[in-house]
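Just so you know, the sequences run in chain order V and Z. With numbering that gives the first Met the number 0 applied, the first sequence closes on residue 364, and no number is skipped along the way. With numbering that gives the first Met the number 0 applied, the second sequence closes on residue 364, and no number is skipped along the way.
Just so you know, the hints here were simulated from the structure itself, not pulled from any lab data. For each residue, glycine too, the CB sits at the ideal point set by N, CA and C. It is possible that part of the hints are untrue.
As the list claims (entries may be wrong) - Here are the simulated lysine-lysine pairs, DSS-like style, with alpha carbons at most 27 Å apart:
1) V/K295 to Z/K129
2) V/K129 to Z/K129
3) V/K129 to Z/K295
To be verified - Chain Z stretches covered by chain V per the calculated footprint, using a threshold of three residues with CB under 8 Å from any CB of chain V:
4) 152-164
5) 328-342
The lines below spell out each chain.
There are 2 protein chains.
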Amino acid sequence: MSTTTETRGETVTPATPAVDFAGVIALLERGRTLATPVLRAAVDRLAPPMDTVAAYHFGWIDADGRPAAGDGGKAVRPALALLSAQAAGADPEVGVPGAVAVELVHNFSLLHDDLMDGDEQRRHRDTVWKVHGPAQAILVGDALFALAGEILLELGTVEAGRATRRLTSATRKLIDGQAQDISYEHRERVTVEECLEMEGNKTGALLACAASIGAVLGGADDRTADTLERYGYHLGLAFQAVDDVLGIWGDPVSTGKQTWSDLRQRKKSLPVVAALAAGGRASEDLAQILAADANKPEDEFADFSEEEFATRAALIEEAGGRDWTSAEARRQYATAIEALDEVDMPGEVRDQFVALADFVVVRER
Amino acid sequence: MSTTTETRGETVTPATPAVDFAGVIALLERGRTLATPVLRAAVDRLAPPMDTVAAYHFGWIDADGRPAAGDGGKAVRPALALLSAQAAGADPEVGVPGAVAVELVHNFSLLHDDLMDGDEQRRHRDTVWKVHGPAQAILVGDALFALAGEILLELGTVEAGRATRRLTSATRKLIDGQAQDISYEHRERVTVEECLEMEGNKTGALLACAASIGAVLGGADDRTADTLERYGYHLGLAFQAVDDVLGIWGDPVSTGKQTWSDLRQRKKSLPVVAALAAGGRASEDLAQILAADANKPEDEFADFSEEEFATRAALIEEAGGRDWTSAEARRQYATAIEALDEVDMPGEVRDQFVALADFVVVRER
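All chains should be modelled from the sequences, with the hints used to inform the complete structure.
Have a look at this one:
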């Protein structure tokens, strides 16, 4: 994403931020350090065996119950929640219950989505339904969702009620997004707009909530919270656009996924729908090939050679799907950053929001 | 339940209430009339196809999408929620969002439990996972749970925050109860206390919430809400004890279930655990038979003759399991009614709480 790209007639200014990695790592570390003990204490409230199943999901123990190092992900959401408390002039600690509640909802959705999608691996480990069975994946997901509300509402403040309302609304969008994702799988054609809406629901809504929930708990008014939500929402879409590019062209060593991962899953991700919408020779060829693919049985499709996926990827790129998606990531990033200017916050806090956005968008290929 | 029964040395006064059926029917009808339109409007908010799946679950449409008569159950919970608003001196309408939220949570748990338990029928119709697939059962369950919080929190009042907190805590108990139910299936022995705790979580907690949520929305203090919860909790346990008797000895025509329904499912319900705990010849014979049953494969067990189940039922009865459970229903009923005396409410409202309890406990065999 380092060159100016002509896409559909508009010139997108390159946003190649010089990421302050040390600063971002400190910010992520702070989020993890403050939120994890509270998250662990929340999970400890679960009745057995749900506490153990949840601890496995979070990577705190292995399948045999032995303590594990625990790869809890990048922890961008907790970092955002703490920062958003500071945007409202409060201490970062004020955002902790919000950070924990958002993480609980995020993990509730992972547990259920992995089961619905039949995904057997997450973060290089077997998923919960694979290890502990479908019933536990449903049950523990439900319990984490309920815990999220519990953690916030036991604060007993008006702000906590407002925060819970916003988190609930984000959760509904998350569920809408998963419903769309499932229904799109069975459709031959998905528009770019539908794909963006689905990704906004699945990824944008909860990042939006993370970026504003600390501010809400810190007493920010609705306008401030809405604006911070806008930052988080578009940051989520930028993240997802980058993810969609990596899902096809990402290096397996960095992504931890197979080569052509999203193509293997026949995912109608942004590069694919943009390529199909572009028109022209490559787009039409791609459409024909994907229509034929859709009718192939699962195992025949899984046996495709590297070359067959490479052909599809090349057509997507030729039709402009890759460039469009990279440009879309920059557009969404720019919209996210613009929102920050509408909130009156300390310059240092604004800089950290920007650095986090840079980090999210500039990821290793 | 019309005779005095000697149980474990204590004399339980018979509670054979002369149920004011007309009054109860009017009360249930009022709950249904006020809550159903709001419930339908809430479900209409769901994105397709979740709205259709939910409408099927509630019985508003059939599997082909055609309008259906809709057997939404007895609607005891909405009736309780409205009555509890009146207990706090508010209009019954004040309880409506609470009634709807409780119904949403109840149906969230039905959707997920049916899938986890592999139950193919509910209210004489195929369950959602059977008709629309497991993913929709998970997804729509999640959506109903989220909607419950949304309906309450959008009221934007302090009372709504308190009501949501109580509902969330009841939902956590519901989930705990389901976790216990699942884990007890794999255990050879379950104590009477464990069974009561599980039933209190699965049935008592949400009835407790229904019986208090209207009062909370009407501005009642925590002590009043706690006391009304106690009424609902013990009413739930009374209901469940009656249900456990009907689950073995109920008339299939009235219950809509198979003969010896709970025995066919090898359920460790109250009559069974009480019989096993009683000691003596019949209890020991029963223990031996059930231990052997537990090791039989599903299909061999399903092929049992009526006589084989009748033998087991007779041993449970001989060991005192049936009488103990009927007596337990009366004890729980009495505890529920006692709680009502601790709340200062209009006599007419109290009478209606009592009539609803009578109705719940005195059901057709």
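Structure-based check of all given hints:
| no. | hint | verdict |
| --- | --- | --- |
| 1 | V/K295 to Z/K129 | 26 Å, holds |
| 2 | V/K129 to Z/K129 | 22 Å, holds |
| 3 | V/K129 to Z/K295 | 26 Å, holds |
| 4 | 152-164 | holds (count 8) |
| 5 | 328-342 | violated (count 0) |
Of the numbered hints given earlier, the model fails hint 5 alone.
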